[in-house]
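In order, the protein sequence lines correspond to chains P and B.
Residues in the first sequence are numbered consecutively from 1, following UniProt numbering.
Residues in the second sequence are numbered consecutively from 1, following UniProt numbering.
Simulated from the structure, these hints should not be mistaken for laboratory data.
Bear in mind the structure is a predicted one, so any value in this text is a computation, not a measurement.
Heads up, a few of these hints could be off.
No copy is singled out in the list; a pair is fine if it fits within one copy or between any two copies.
To be verified - Below are the DSSO-like pairs computed for lysine-lysine, each with C-alpha atoms no more than 27 angstroms apart in a straight line:
| no. | residue 1 | residue 2 |
| --- | --- | --- |
| 1 | 120 | 104 |
| 2 | 398 | 104 |
| 3 | 259 | 104 |
| 4 | 120 | 398 |
| 5 | 229 | 325 |
| 6 | 437 | 60 |
| 7 | 119 | 150 |
| 8 | 104 | 218 |
| 9 | 325 | 307 |
| 10 | 229 | 104 |
| 11 | 437 | 54 |
Number of protein chains: 2
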Amino acid sequence: MYQDLLEILKDPERVSVNETVLEHHSGGMDYHERKKPDVVVFPKTEEEVVAIVKYAATNKVAVVPFGAGSSLEGHLLPLNRGISMDFTLMNEVVAVYPEDFLVKVQPGVTRMQLNKHLKKYGLFFPIDPGADATIGGMAATNASGTNAVKYGTMKHNVLGLQAVMADGSVVAAGGQTVKSSAGYNLTELLIGSEGTLGIFTELTLKLAGIPEATVVAKAAFESVEEAGKAAELVLQSGVDIGKMELVDAATIQAVNEFKGTDFEEVPTLFLEYNGTAEATEQGIAVIKELMEDAGTVKFEFEHDSLKRAQLWEARHQAALAILGKKPGCKLVATDVCLPISQLAVTIAHTRQLLDEYKLDGAILGHVGDGNFHVAFGLDTDDRDEMERFHEFNGKMVKFAIDHRGTCTGEHGVGIGKMKFLKEERSTALPVMRMIKKALDPQNILNPGKIVEMEEVHS
Amino acid sequence: MYQDLLEILKDPERVSVNETVLEHHSGGMDYHERKKPDVVVFPKTEEEVVAIVKYAATNKVAVVPFGAGSSLEGHLLPLNRGISMDFTLMNEVVAVYPEDFLVKVQPGVTRMQLNKHLKKYGLFFPIDPGADATIGGMAATNASGTNAVKYGTMKHNVLGLQAVMADGSVVAAGGQTVKSSAGYNLTELLIGSEGTLGIFTELTLKLAGIPEATVVAKAAFESVEEAGKAAELVLQSGVDIGKMELVDAATIQAVNEFKGTDFEEVPTLFLEYNGTAEATEQGIAVIKELMEDAGTVKFEFEHDSLKRAQLWEARHQAALAILGKKPGCKLVATDVCLPISQLAVTIAHTRQLLDEYKLDGAILGHVGDGNFHVAFGLDTDDRDEMERFHEFNGKMVKFAIDHRGTCTGEHGVGIGKMKFLKEERSTALPVMRMIKKALDPQNILNPGKIVEMEEVHS
Numbered sequence: 001m002y003q004d005l006l007e008i009l010k011d012p013e014r015v016s017v018n019e020t021v022l023e024h025h026s027g028g029m030d031y032h033e034r035k036k037p038d039v040v041v042f043p044k045t046e047e048e049v050v051a052i053v054k055y056a057a058t059n060k061v062a063v064v065p066f067g068a069g070s071s072l073e074g075h076l077l078p079l080n081r082g083i084s085m086d087f088t089l090m091n092e093v094v095a096v097y098p099e100d101f102l103v104k105v106q107p108g109v110t111r112m113q114l115n116k117h118l119k120k121y122g123l124f125f126p127i128d129p130g131a132d133a134t135i136g137g138m139a140a141t142n143a144s145g146t147n148a149v150k151y152g153t154m155k156h157n158v159l160g161l162q163a164v165m166a167d168g169s170v171v172a173a174g175g176q177t178v179k180s181s182a183g184y185n186l187t188e189l190l191i192g193s194e195g196t197l198g199i200f201t202e203l204t205l206k207l208a209g210i211p212e213a214t215v216v217a218k219a220a221f222e223s224v225e226e227a228g229k230a231a232e233l234v235l236q237s238g239v240d241i242g243k244m245e246l247v248d249a250a251t252i253q254a255v256n257e258f259k260g261t262d263f264e265e266v267p268t269l270f271l272e273y274n275g276t277a278e279a280t281e282q283g284i285a286v287i288k289e290l291m292e293d294a295g296t297v298k299f300e301f302e303h304d305s306l307k308r309a310q311l312w313e314a315r316h317q318a319a320l321a322i323l324g325k326k327p328g329c330k331l332v333a334t335d336v337c338l339p340i341s342q343l344a345v346t347i348a349h350t351r352q353l354l355d356e357y358k359l360d361g362a363i364l365g366h367v368g369d370g371n372f373h374v375a376f377g378l379d380t381d382d383r384d385e386m387e388r389f390h391e392f393n394g395k396m397v398k399f400a401i402d403h404r405g406t407c408t409g410e411h412g413v414g415i416g417k418m419k420f421l422k423e424e425r426s427t428a429l430p431v432m433r434m435i436k437k438a439l440d441p442q443n444i445l446n447p448g449k450i451v452e453m454e455e456v457h458s
Numbered sequence: 001m002y003q004d005l006l007e008i009l010k011d012p013e014r015v016s017v018n019e020t021v022l023e024h025h026s027g028g029m030d031y032h033e034r035k036k037p038d039v040v041v042f043p044k045t046e047e048e049v050v051a052i053v054k055y056a057a058t059n060k061v062a063v064v065p066f067g068a069g070s071s072l073e074g075h076l077l078p079l080n081r082g083i084s085m086d087f088t089l090m091n092e093v094v095a096v097y098p099e100d101f102l103v104k105v106q107p108g109v110t111r112m113q114l115n116k117h118l119k120k121y122g123l124f125f126p127i128d129p130g131a132d133a134t135i136g137g138m139a140a141t142n143a144s145g146t147n148a149v150k151y152g153t154m155k156h157n158v159l160g161l162q163a164v165m166a167d168g169s170v171v172a173a174g175g176q177t178v179k180s181s182a183g184y185n186l187t188e189l190l191i192g193s194e195g196t197l198g199i200f201t202e203l204t205l206k207l208a209g210i211p212e213a214t215v216v217a218k219a220a221f222e223s224v225e226e227a228g229k230a231a232e233l234v235l236q237s238g239v240d241i242g243k244m245e246l247v248d249a250a251t252i253q254a255v256n257e258f259k260g261t262d263f264e265e266v267p268t269l270f271l272e273y274n275g276t277a278e279a280t281e282q283g284i285a286v287i288k289e290l291m292e293d294a295g296t297v298k299f300e301f302e303h304d305s306l307k308r309a310q311l312w313e314a315r316h317q318a319a320l321a322i323l324g325k326k327p328g329c330k331l332v333a334t335d336v337c338l339p340i341s342q343l344a345v346t347i348a349h350t351r352q353l354l355d356e357y358k359l360d361g362a363i364l365g366h367v368g369d370g371n372f373h374v375a376f377g378l379d380t381d382d383r384d385e386m387e388r389f390h391e392f393n394g395k396m397v398k399f400a401i402d403h404r405g406t407c408t409g410e411h412g413v414g415i416g417k418m419k420f421l422k423e424e425r426s427t428a429l430p431v432m433r434m435i436k437k438a439l440d441p442q443n444i445l446n447p448g449k450i451v452e453m454e455e456v457h458s
């Protein structure tokens, strides 16, 4: 396989069987057992991706697309070995259309790289998962983040894309308009398909203007449930909230230790409003009132821009902070999403479950859209701890599904959520399988993820 | 077939071969040649839909779902005769979840019926195509309307749905959360699939709060191109515009005649801002400034709520007004959508084409999202007029596609846009065909629309 791929790429630097490289591509930032691919390739062009996929199709070899490696549910595991396709070198911003609020990028561009590039236009791409993920990876999992409450998720912000399908054909889906009713929505079928239906080679993204003003505030509460209730109030008020993040005491404690910050260690809503200067002033005043109605014990503005940045950076790095508390352990982050009215009760139930299973988990999440996580640092070799985690996770997800929620709001299915998907989408799974079979009959594209197929080639 | 269906529905009132009923179900509100189905059924429950589809699958009979009959591109034509399935009797609002901003409806509910129902909750469903279409039909074409610039299209506002597939199985896709990464996005694959992949039996919709305040204004321009440029300015400013509709002189003239209004007969942008009272006052002030920068010859607020309602009603009925000008003629409404920066040039080109082809068309559209229409009343028996129309339409759509646009922003493909879809989505069409073949191997669901299949059963 190595020789064949070398003949395709004609560059020994971009076809690797080096142990360190294989190890780096043996999974994501998750707790699943790692497995090495046979070989890692680093394509630079769509033509190269096509040639590699055609080779894989002819030889029934699995291909797993790989971006920043920040998957949390096992998406990057080469379950059948084969080829890990690393997009690090396809990281060009292809074209910016500032007057159309659009940008065309290669899949290996990371969100931070993109926003650095866009700054001079006064524009930014709002989707912000915790990691500095690649746009391709973010599209593959329909990622979101703290800005989703205002700007939506990847599927709301990818207008078009090109993908290499399992037979090596290149498909252009969607386009550059904010609306279209031109045929089946292949763009959104591919977004969230986790590399199992096609491999992205180009994406057209909708951009937003960098807001004129931003105000940040913190509201402390006596319990996580009260904070959850306060979040519901904000959403029901219809105020155009920019971000609304819930962090519980344990998370703040971990962040303080990890980042040397001095945030008060109580359940807190981190809030942001952005827009024109005038709208922002009004917006945050409404939010302050709502927090007081909801019984906040302390409401504070964060006017200082450095402190403001520090606050959101701390939130973004909360997962790493949790991990930092338990050296040698692996990050485990759960993910459920609920209708607004079911959020507080689910958070309360989750806290009970954590106590019941004696797990040291931190609750944090994007409560602006009903989505929350529990983050752990777990010793994957400690069978007892892992068993307790799995039981906890199963019960938490079941509670969420029973309360009209979904088993994953933004992390995706990978292998970690497959059993819950069966429960949540029992009638949809056969249709997903029919689509997978029609578009990838040999099951070579990221096999073993989302849907189980009858036979898995290797 | 009649007897078999009567045995299924057990109600002679709901299985019809009456000539008037067949005629009513022989097409939409469009110019395509009509064709009668063999029979029209009026199911009341999902179980009945399942039984009818199973009957159709066993007997290889085509099924065409039918809502309000307001299709503009031939979606409702029973090309292979068979069954027209009318959803008029499945028009129940199943459940309202006001605290979650959600409603669950049957597909036959119309948008006006729904909003009347929701008023007491202070909520509304913002998608507003011109006609009082059914929610099922709106989902089938990924419809939108004047509110799309602020609230998005159907695909942004349908969170979950149930559909009966070609084999009679019932699939639940999506759910009740605003975010989910749980497997392939079947919801959005089915939205815009025009009844060719599955038949909706239930839809869960995202609602919005009725805004506290609304301000409406009109800005007159010397030319359509200047009005288009002004619309671009608003979008680029980032102001949270509620509606922005362009109507040209010919349209206003037709509306005045039809509705007895006295709008000035010049190219005009109809603008709306809504939100809190304070935000609205600021918002409309920003818009006024932008209009002046863009060279408006007259800017007027419409403070009077009656006049305001009249204004939007006039806009909504513009298509009917155009038709009213030519009695006995059929409504023909074109539909393209462009990236913002290409809007003005395309509108200017379209006006030239109209002159060139000596067609009396009115330009109107949702320029807030790059989408515009040309409406005609055409005598479909006048071969010369129809030929000129088709040539005009082909050139307009080609210009739009060449300027990074799409052949349909909201009307859908039906049969009227199939040849343009081939041009716009040449690489995507084979994949659409693979999906259609996998999910409807006998091609019984609304055959002959969107994608041509090898063989069409009857």
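Going through the hints against the structure:
no., hint, verdict
1, 120 / 104, "within (16 angstroms within a copy, 44 angstroms between copies)"
2, 398 / 104, "between (39 angstroms within a copy, 22 angstroms between copies)"
3, 259 / 104, "neither (35 angstroms within a copy, 46 angstroms between copies)"
4, 120 / 398, "neither (46 angstroms within a copy, 34 angstroms between copies)"
5, 229 / 325, "neither (29 angstroms within a copy, 56 angstroms between copies)"
6, 437 / 60, "both (14 angstroms within a copy, 24 angstroms between copies)"
7, 119 / 150, "both (20 angstroms within a copy, 25 angstroms between copies)"
8, 104 / 218, "neither (36 angstroms within a copy, 35 angstroms between copies)"
9, 325 / 307, "within (23 angstroms within a copy, 64 angstroms between copies)"
10, 229 / 104, "between (40 angstroms within a copy, 24 angstroms between copies)"
11, 437 / 54, "both (17 angstroms within a copy, 23 angstroms between copies)"
Checked against the numbered hints given earlier, this structure breaks hints 3, 4, 5 and 8; the rest are met.
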